[in-house]
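If you want the building blocks of each chain, they are given just below.
Number of protein chains: 2
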Amino acid sequence: MISVVIIGSGNVAQHLLSAFATNSSISVIQVYTRNKDAKLQDITTEKIIHDWSKLQEADLYIIAVTDQAIPSVSAQIPFQNKLVVHTSGSVAITALDTKNRKGVFYPLQTFSKLKKVDFQEIPICIEAENASDFSIIETVAKAISNKVYAIDSSQRKALHVAAVFVCNFVNHLYQIGSEICAANAIPFEILQPLIEETAAKINTLTPKEAQTGPAKRKDTSTINAHLQFLSDSNQKEIYKLITKSIVDHG
Amino acid sequence: MISVVIIGSGNVAQHLLSAFATNSSISVIQVYTRNKDAKLQDITTEKIIHDWSKLQEADLYIIAVTDQAIPSVSAQIPFQNKLVVHTSGSVAITALDTKNRKGVFYPLQTFSKLKKVDFQEIPICIEAENASDFSIIETVAKAISNKVYAIDSSQRKALHVAAVFVCNFVNHLYQIGSEICAANAIPFEILQPLIEETAAKINTLTPKEAQTGPAKRKDTSTINAHLQFLSDSNQKEIYKLITKSIVDHG
Chain A
8 MISVVIIGSG NVAQHLLSAF ATNSSISVIQ VYTRNKDAKL QDITTEKIIH
58 DWSKLQEADL YIIAVTDQAI PSVSAQIPFQ NKLVVHTSGS VAITALDTKN
108 RKGVFYPLQT FSKLKKVDFQ EIPICIEAEN ASDFSIIETV AKAISNKVYA
158 IDSSQRKALH VAAVFVCNFV NHLYQIGSEI CAANAIPFEI LQPLIEETAA
208 KINTLTPKEA QTGPAKRKDT STINAHLQFL SDSNQKEIYK LITKSIVDHG
Chain B
8 MISVVIIGSG NVAQHLLSAF ATNSSISVIQ VYTRNKDAKL QDITTEKIIH
58 DWSKLQEADL YIIAVTDQAI PSVSAQIPFQ NKLVVHTSGS VAITALDTKN
108 RKGVFYPLQT FSKLKKVDFQ EIPICIEAEN ASDFSIIETV AKAISNKVYA
158 IDSSQRKALH VAAVFVCNFV NHLYQIGSEI CAANAIPFEI LQPLIEETAA
208 KINTLTPKEA QTGPAKRKDT STINAHLQFL SDSNQKEIYK LITKSIVDHG
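As they're listed, the protein sequences go chains A and B. Letter by letter, the first sequence follows residues 8 to 257 in this note's numbering. Letter by letter, the second sequence follows residues 8 to 257 in this note's numbering.
Check each hint, because a few of them may be wrong.
Which copy is meant is left open, because identical chains are indistinguishable; a pair holds if it fits in one copy or across any two.
Claimed, not checked - Capping the alpha-carbon separation at 20 Å, the derived lysine to aspartate or glutamate pairs in EDC-like fashion look like this:
| no. | residue 1 | residue 2 |
| --- | --- | --- |
| 1 | K243 | D66 |
| 2 | K89 | E64 |
| 3 | K54 | D125 |
| 4 | K149 | E128 |
Everything labelled a hint here was simulated from the structure, so no lab data went into it. For clarity, every value in this text was computed on a predicted model and none was experimentally measured.
With the hints as constraints, model all of the structure from the sequences given.
Below, the structure is given as structure tokens:
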């Protein structure tokens with residue numbers, strides 16, 4: 008049985024709590040959060056603490072707070088030589104305070120409070136400073152996910168940028184699509200199968216092989232008709248830039 | 008039994024052939040294609056014709072050729088007062104020659120030769136000039152898809168632009184993600200669950216509700232770190248523009 012303390016009460020903290028709750032080899036013995044109004048599921052209230060002096064010893068401390076707070080929160084842990092990991096895609100392992108052993112436990116997924124996820128399918132990117140710590144982190148990660156990868160801090164930085172493109176930016180294009188539909192009395196659900204097929208396609212084809220559409224075909228008459236159709240200058244600018252990028256690199 | 012002739016031999020023609028082949032209420036009696044080397048499945052070779060004079064009478068002629076060729080191909084059909092539809096998202100119903108009855112049969116999906124699709128889940132957007140023609144087109148569409156929508160030419164134009172954003176442009180962002188991974192020795196498969204969850208999420212949340220990430224949080228320190236990380240000027244420009252769009256409208 009590996010004992011874990013989670014530090015934080017946001018989306019990542021909650022999703023980790025729910026994932027560990029389904030697993031008998033990991034025991035979440037406490038959650039520390041500054042936020043006294045935090046509502047957390049899959050943990051009994053007496054295990055939620057707001058005072059560092061009540062922190063218990065554990066095999067692993069998982070910091071799931073905002074990127075900026077990671078250095079100061081890790082410095083506040085009132086122990087030494089414990090294994091402490093953060094969960095951020097964009098913060099180096101070295102941001103953790105040096106008094107404890109350092110590691111990273113980065114679940115690569117987009118978490119919303121409102122939406123359940125299947126943690127088994129979420130890749131967890133892990134890193135540690137030595138082999139025995141790596142092994143503890145790996146055991147905890149494999150307890151909740153089938154997809155555990157060793158990714159160092161410099162790779163994780165690249166991965167996080169790539170994730171912004173394929174998740175946040177992609178979702179913003181969905182938003183533009185939904186706005187165009189709304190403005191023309193078209194139910195956005197018509198686009199959902201296309202959206203899911205576009206995502207599924209790259210399981211079997213590279214994105215370059217999978218590309219279709221007017222930019223790929225260099226079909227300037229359709230491209231010009233689309234630009235003429237778009238009245239929103241922001242949408243137009245995005246259309247132009249990505250079309251140019253597909254024509255040049257796609 | 009409704010008799011159908013398909014005109015064309017590209018991706019859309021092939022996917023329609025395969026879909027109709029599984030249905031007993033629709034009979035594809037011929038395929039016309041200019042291309043004598045066309046390799047088509049789910050149709051016997053004697054039914055593939057290259058000569059307009061061999062064209063038989065049918066209840067419905069489906070033109071699945073490039074957008075530009077629709078007017079001339081529809082003019083070459085050696086019949087009058089037949090029901091002729093095109094399959095394009097970006098061409099108005101009026102592009103069809105006036106000697107026949109006009110309609111549109113637009114399957115909203117991204118078709119690749121290399122990838123099978125489940126036609127039942129593909130929305131088909133249909134349009135006709137009169138109710139009885141609409142009814143024939145609707146019967147054919149419902150024979151192969153559970154998702155049939157009445158969409159007029161002006162809505163279809165908007166829908167096609169929206170589809171370019173949520174499919175072609177999204178796929179290009181996948182390509183950029185895969186390039187960043189390749190440059191950093193990261194397997195692109197790590198991003199696949201994130202990509203699929205991002206697509207699935209908007210089944211239950213609006214894209215605006217679903218948004219996460221540094222731009223949404225207006226986290227300028229992460230944004231600046233990402234811009235510094237990106238060395239490719241095209242990737243950098245896309246990062247800047249979409250980040251600005253999320254900050255302003257997301």
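Each hint, compared with the structure:
1. K243 to D66: Neither: 53 Å inside a chain and 41 Å across chains, both beyond 20 Å.
2. K89 to E64: Close inside one copy (8 Å), not across copies (81 Å); limit 20 Å.
3. K54 to D125: Classified as neither: same-chain Cα gap 25 Å, cross-chain 49 Å, threshold 20 Å.
4. K149 to E128: within (11 Å within a copy, 35 Å between copies)
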